[in-house]
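Undergrad: For reference, the chains in residue letters:
2 protein chains.
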Amino acid sequence: MATKYVYFFGGGKAEGRAGMKELLGGKGANLAEMANIGLPVPAGFTVTTEVCTLYYKNKSKLPAELNKQVAENMKKLEKVMGHIFGDPTNPQLVSIRSGARASMPGMMETILNAGLTSTTIPGMIAKTNNPRFVYDAYRRLIMMYSDVVMEKAAGIEPAEGQGIRQQLEHLMAAMKKARGVEKDTDLTGDDLKTLCDQFKAKVIEVLGKPFPDRAEDQLWGSIAAVFQSWNGRRAIEYRRIEKIPDEWGTAVTVQAMVFGNMGDTSATGVGFSRDPATGRKVFYGEWLPNAQGEDVVAGIRTPLPVNEAGKSEHTQHLVSLETAMPVAYKQLNDIQKKLEQHYRDMLDLEFTIEDTRLWMLQCRVGKRTGVAAVKMAVDMCNEKLITTAEAVKRINPDSLIQCLLPMVDPKAERENKPLAKGLPAGPGGAAGVVVFTADEAARRGKELKEKVILVRAETSPEDVHGMHAAQAILTGKGGMTSHAALVARGWGKCCIVGCAALEIDMHHKVMKVGGREIHEGEWITLNGTAGAIYAGKLPLVDPDLENNKDVGQLMKWIDTFRTLGVRTNADTPKDAAKALTFGAAGIGLFRTEHMFYGEGADQPLFLLRKMIASSGVAERRAALDQLFPFMKADMKATMLAMQGHPVTIRLLDPPLHEFVPHDPAMLAELAQSLGISLEQLNKRADGLRESNPMMGHRGVRLGITYPEVTEYQVRAILESAAELAADKAVKNVLPEIMIPVTVAKTELDDQKAIIDRVAAEVKAKYGLKTFDYMIGTMIEIPRACLVADKMAETAEFFSFGTNDLTQMSFGFSRDDIGSFLPDYLKKKLLPEDPFQTVDKDGVGKLIKMGIEGGRSTRPNLKIGICGEHGGDYDSVKFCHKVGMNYVSCSPFRVPIARLAAAHAALEDAAAAKGKKPGKKKVAKKAKKPVAKKAVKKATKKGKKK
Amino acid sequence: MATKYVYFFGGGKAEGRAGMKELLGGKGANLAEMANIGLPVPAGFTVTTEVCTLYYKNKSKLPAELNKQVAENMKKLEKVMGHIFGDPTNPQLVSIRSGARASMPGMMETILNAGLTSTTIPGMIAKTNNPRFVYDAYRRLIMMYSDVVMEKAAGIEPAEGQGIRQQLEHLMAAMKKARGVEKDTDLTGDDLKTLCDQFKAKVIEVLGKPFPDRAEDQLWGSIAAVFQSWNGRRAIEYRRIEKIPDEWGTAVTVQAMVFGNMGDTSATGVGFSRDPATGRKVFYGEWLPNAQGEDVVAGIRTPLPVNEAGKSEHTQHLVSLETAMPVAYKQLNDIQKKLEQHYRDMLDLEFTIEDTRLWMLQCRVGKRTGVAAVKMAVDMCNEKLITTAEAVKRINPDSLIQCLLPMVDPKAERENKPLAKGLPAGPGGAAGVVVFTADEAARRGKELKEKVILVRAETSPEDVHGMHAAQAILTGKGGMTSHAALVARGWGKCCIVGCAALEIDMHHKVMKVGGREIHEGEWITLNGTAGAIYAGKLPLVDPDLENNKDVGQLMKWIDTFRTLGVRTNADTPKDAAKALTFGAAGIGLFRTEHMFYGEGADQPLFLLRKMIASSGVAERRAALDQLFPFMKADMKATMLAMQGHPVTIRLLDPPLHEFVPHDPAMLAELAQSLGISLEQLNKRADGLRESNPMMGHRGVRLGITYPEVTEYQVRAILESAAELAADKAVKNVLPEIMIPVTVAKTELDDQKAIIDRVAAEVKAKYGLKTFDYMIGTMIEIPRACLVADKMAETAEFFSFGTNDLTQMSFGFSRDDIGSFLPDYLKKKLLPEDPFQTVDKDGVGKLIKMGIEGGRSTRPNLKIGICGEHGGDYDSVKFCHKVGMNYVSCSPFRVPIARLAAAHAALEDAAAAKGKKPGKKKVAKKAKKPVAKKAVKKATKKGKKK
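As you go down the protein sequences, you meet chains R and B in turn. Using the numbering used here, the first residue of the first sequence is number 1266, and each one after it goes up by one. Using the numbering used here, the first residue of the second sequence is number 1266, and each one after it goes up by one.
If we strip away everything but chain R, and leave its shape as in the complex, we get (with noise of 0.2 Å):
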């Protein structure tokens, strides 16, 4: 039997389903389920990825066996539809458009309309009695078929604002400008056949072929035009930013055309089953009358409200459809409460009513801002529409970090007055500076780590690099579901679109706005959550979770199933007592060197580099027994922060010569208080200097050489406690004493031998009964991991310090990957940046040789990580798999460490149910060898631009 490529639906039924998305694409499985449940659907069919992939193994060939299906099913749609493809008197269009797995709005090629020939336009003009409408039609689909069919296929690289599309255009505005009217609207039927036939005669004479005339040419040119696109520029660059894999190849969809742009009855729109910005439980969409989907999507027209609900204060004075076609949107409305009761999730909708009739033309799981994310999850299961276990894996790492973004300083914003207002499309607050175009974005936000805003009169996918370099976006025109509000919300950016107020001179890199012009490089603030534009740079703070009820409750639900430990890298007791909130459960990483700091001759940094720059252990000590008063007060001060909870503090662990300032006065200063000359002082200061100062003279090695400088922190740590012990003021004080960069057991006996002298002293001092300490170590040098057998011997706790441990894995210094990581990461050469995810295979195989060695000597072992990946999601899932007790991050990502964990055990207890999580079971599926070839050929395309 052959492979069956086409899935047909419409007329009520269908032969896909939601759950084929991999098959189908997102668009073709969800038309198909709509079909399924009785909505109205244009009847249509969708070639599956399949073919995507066989098109790209077979050098851009369709399978043969595809014709004969396509035929099948373009005649079950004429059926449905009571039209025929490519008939003179009773003519069907169709669409063909894009469907891949997960949505890549924008990315990829939409051809409409097509169908229209010399033979089908009487033919149509007669059917509607509208040629306007017919010859606007033909307009539309001659600017599109031409630009993403023939220009492509033809190999051409038009400069920019040089290709068919443009050239096109001036045709029109010529036109425009010849009739004397403005707007695209006005322009008769007559105008627009005449514009026809220039548009048809201007692609011979640039694409050297004529534009095509059969319908079937228009629809297989499509169909392969789609596929294409699947591995265009944009589409690339967006896969790479959102992860998604090349191999999983696009579908493509056939549907019956229906128009919304037939005149005054008819309209087109989108919605959301709740407000994607917010997740209010209201009906949320914007529609425009007399319009084809693309106007809503692309921002050209600002756009109504649906609905009377759905109107803000911005949008008060308009008509919604609501009130303009009260039947259609009844009927709208019971569809989208429908749709939500079946897929139990906000659904984003497509839909056009064509002459007062109804036609849902897309529905999908809607994309939403993290804060929106929570508070539907938060309330779908109060609403008793899902479980908290499916709030809980409904919600993203991205998601929570939306909900944890800075914002503008409430005060800075009572204090000024905004330049104007647009729509929050994208939460949180930004400031930068003002960029005009995308390029400007990533060279300054990319290459220079400067902060930039993009302001654009609206962004398409072209902008997507610069969008993404970007703290934040602004545009003058589009709605909330135009181009930029969509990137920025799936980004989890900050956005304010559609600020009608903004008016931007390109040439003169200014814009004008609330009575001001802002030149390019000028600071302005943005207030994404309410969509205000300030001037100038106003303050960020944090966001208020502790009052932010929605948070509260599904962070309550998500302890309810992790099992992991989450504690916090803190080195002040002020982040102490911020982790605390965030729910962190201890300390896993106090950085002794990260106290340090102050300008004078009498704070601790000077004195530290009075320390460093010591020769001898005489002058060490009396460097010390300065240091000493400070190292405790903050030692003390934090463990009582943490109130009983865990503390592990780590010993000095930096190459020394870090400290070692530079400036000439501080060096003469330092000179002076240890009494030598600055000769001397450079001298000693050159003898610190180290060829490799990574994998030098730091951490253990600094307490085997300067035993002194061991005994001191030591001293610090243990006095600290015992004094808190002492005075009762904390409960259980239990410090743990982590030893950095070791390698052998050996040097933990070393070490060892001083804390215990160190501790029996202060037992004796105090006259304490008791006295507990732990002694561990970080595991962050590889040979750790190959001796834990050994090293848990005398350590007992393990600390992953990932971050070396990928450094000396990969023989990758952290801070000079710059000129190469770029290029592994475009190349796939690895699947992404081994310090933000934990390399599994590799590092992974380290930390669980580590993990195993370290349990065979001491099966209690308590085992975490403090390196960067104990705060990355997907690294927290593998410390989880890996048994691990706990993970410590810095305080603001702990609430992604406990989400982490919670999804991760979840996993696990459907794994345990023989029912792998789908995500995953997918993910292995796509990764057959699939379009290697056009990716590198687009990778090396993209590579020399």
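Hints are not guaranteed to be accurate.
Since the list gives no way to pick one copy over another, a pair counts as held whenever it fits inside one copy or between any two copies.
[Claimed, not checked] In silico BS3-like links for lysine-lysine, alpha-carbon gap of 25 Å or less: (1) 2017 - 1324; (2) 2055 - 2110; (3) 1458 - 1442; (4) 2055 - 2091; (5) 1340 - 1448; (6) 1686 - 1777; (7) 1546 - 2093; (8) 1326 - 1344; (9) 1340 - 1993; (10) 1897 - 1324; (11) 1508 - 2055; (12) 2017 - 1322; (13) 1711 - 1948; (14) 1948 - 1714; (15) 2055 - 2092; (16) 1802 - 1676.
If you are wondering where the hints come from, they were derived from the structure by calculation, not from laboratory data. Predicted model only: the values in this text are computed from it and were never measured.
Assemble chain B onto chain R, guided by the hints.
TA: Using the frame of chain R, we list chain B on its own:
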């Protein structure tokens, strides 16, 4: 039953035997063996090394049971010898000596003449009728005992030259002055008697205690002092250098004294059954009439040759024992022959003739120079005394290294007249600046890395650290068995002793020799093989290996046993050719970057710099075009030189910044050549600078970011191979292209694509029908070992780069370890420098994983090693053990690698027979937790100094 702590020997039998070295020490075991085979050995007994262990375990207390066992054995001794210890009328004197498992000449204490007291002295005088002899023995006892027992027990650490011994020596000097005599022997019995009284008074004055006047007290004090000396500073230092475990401990042998200083019918001497310097089969020894053993060893009197055959041009005029005491000599000569047949090895003997009666005091397998070791092994094998396997096993790597030692260029020797000649105590040539103290030798030699030659009147164990740091040792006094000669020979160090022409003025730091004054810091050159001393710095050349027939024979035998291949690291055709003569079977590492040399702007180094400083592909290709002919010429010539042996060529490896010049003139020239400003060039150079270059942009990372760099190198390699194949200049040309610094299979795939493409082009260009090449990778980053199974999917061979693998596994930057590794070794946190010998526990585990992973994918994967470890004896054995196919090392080390490979294979064979080689077994057993605290204590002491 009580543990047996004491083993008796004497009277033609013994409780111990030669195989019990572990328990009885070398001296005790061999004395027992000699007694067993009926040789004349003064009776005695040995206190076992276990007692030493207990002594340190029990805080320097001897086990209670020892008392009884010593008393019983003393009775036996008395019975055999016919005198009684401590008896007033018929007193027995004894010596108390140390004896560890391995010889540690002069490192521990010895007490002679114990048993002389106010009670026994009259008896001794009556018995010997020689008061002068008795008082001389007594004054020696007081000097030794007060120094090594009493002063140490009192815990006094006198300043240099202020010890009790020196104070007693001052008294003796004063006595000589008062009597107007020069030599000790000119003092009369009365003088000596007076002196003994003065000595005893001084002992009370300085040490606060009287000299013990009970024989028992002297005996026990001496036994404890010997045990105590195991952890003396000198002994510890010596063990560190010789890698002797601290846990072994020493035995103590108490033996009846016999006297070589009882007049002209008495004598003492040492001998070797073959010449220890050359290996020549001739009984070789030195003796002194009327002397005690220490006189020979200390080198105070220049000794005489034992026989005529052993005379050299320097000793021609001296009286031999053979002539002076023919009967005793004949007996001695028979004994040495018997012992050699019995031990099947060359022996080092000590004898004393007391009033014409010969006594054997010691025998042990003799130390020998490397050259002698090889000659003896080959000779003994030819004499059927040992098998070829034994001959091979008997050669340790240091011996072979000595055969490969540089020597003074013979041409230079012809042209320069020696300043003087001395005894050739340690072979080879050396040049260095003169220093006169051990401390200065250590400072300049070790710290400043200068080449120094230590010049002393005579050396003592106090000088060991300086001797170790020196290139060579030159003494004015002493013979071939003096301290300097023994120690230097053990280390294979160039050494000349007994150069009587030398006058050293320590005060002015100058020596007079051959009519010249040579000040500290001036260069001299020694030919240790001939004993010639030259002024100035003469050139050294490598030894004439090809003409050393013994080495050639041995290497042939070696190759019959080994299974591990040995290749060489060579970067030039010259090195390649040389390595072939050393027995290399191919090149395991040709470093592309080493071919960049020359000074002019048309030379490779400049062109490489130009390539590195290029910006963009076009500039880089232009520079590569210029470089290409040089690369190709070198590669082709090397492949030609190797005549079909495999050649592994590594692509560019080091961080590019290494090649950026610092010289302003060179920078200016470079900028000009690139057509850019100096400022621009500096900016580019800054861009190449890295925080941790060892983990930066290097190796395959260069090939990935600059594919053209790979392309040109590969083209040079493959065109060379193609041309050699086309010209039929070499059969079976098979270049092995090796990709460095890899961490993932994807990197190999990326580079393989380039290599395969270039190969196809080259194949076409030269019209070849077949064209073979291999693609492999260095395994030098930990991750590569962890994902070796994947790497082997693409790589056709692995070569472990253990230098980098050690760096990354330990996180030890090789350039920066100077600040901490010495402390690690001193504190024994690491058993040895992991850059010298593969760290088996950590790095070794990674290597095993790498091999297992690689072979799991590709069972016949060819695996080698090309780091420095490839020429390290222990590491090569490890490589054999883990199943590598070959090691690769510098040409000079190829013979060592071959030897190690043969030893490893012989050990395998022994293990297969169920007989583990003795050494290993012993070493394992020795790793009991012994004397730890004492060691720590001693280490601390050492540090304080």
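Undergrad: Quick one: residue 2055 to residue 2110, C-alpha cut-off 25 Å, is that within a copy, between copies, both, or neither?
TA: both (18 Å within a copy, 14 Å between copies)
Undergrad: Evaluate residue 1711 and residue 1948 at a C-alpha cut-off of 25 Å and name the case that applies: within, between, both or neither.
TA: Between copies only: 20 Å across, 39 Å inside.
Undergrad: From the Cα coordinates, with 25 Å as the cut-off, is the pair residue 1802 and residue 1676 best called within, between, both, or neither?
TA: Cα proximity of residue 1802 and residue 1676: one copy only (14 Å, versus 82 Å across).
Undergrad: When no copy is named, should residue 1326 and residue 1344 be tagged within, between, both, or neither for a Cα gap of at most 25 Å?
TA: So residue 1326 and residue 1344 fail the 25 Å test inside a copy (29 Å) and across (109 Å) alike.
Undergrad: Within a copy, between copies, both or neither: which one fits residue 2017 and residue 1324 at a CA-CA cutoff of 25 Å?
TA: Between copies only: 23 Å across chains, 66 Å inside a chain, cut-off 25 Å.
Undergrad: When no copy is named, should residue 1508 and residue 2055 be tagged within, between, both, or neither for a Cα gap of at most 25 Å?
TA: Between copies only: 23 Å across chains, 40 Å inside a chain, cut-off 25 Å.
Undergrad: Within, between, both or neither: how does the pair residue 2017, residue 1322 come out at a Cα-Cα threshold of 25 Å?
TA: Between copies only: 22 Å across, 62 Å inside.
Undergrad: Between copies, within a copy, both or neither: which fits residue 2055 and residue 2092 at Cα up to 25 Å?
TA: Classified as between; 18 Å across copies, 40 Å inside a copy.
Undergrad: Quick one: residue 1340 to residue 1448, C-alpha cut-off 25 Å, is that within a copy, between copies, both, or neither?
TA: Close neither inside one copy (39 Å) nor across copies (129 Å); limit 25 Å.
Undergrad: How would you classify residue 1458 and residue 1442 at a CA-CA limit of 25 Å: within, between, both, or neither?
TA: within (16 Å within a copy, 136 Å between copies)
Undergrad: Cα distance capped at 25 Å. Does residue 1897 pair with residue 1324 within a copy, between copies, both, or neither?
TA: Classified as neither; 69 Å inside a copy, 38 Å across copies.
Undergrad: Could you place residue 2055 and residue 2091 in one of the four classes (within, between, both, neither) given a Cα distance threshold of 25 Å?
TA: For residue 2055 and residue 2091, the Cα distance is within 25 Å only across copies (21 Å; inside one copy 41 Å).
The structure fails hints 5, 7, 8, 9 and 10 (numbered hints given earlier, in ascending order).
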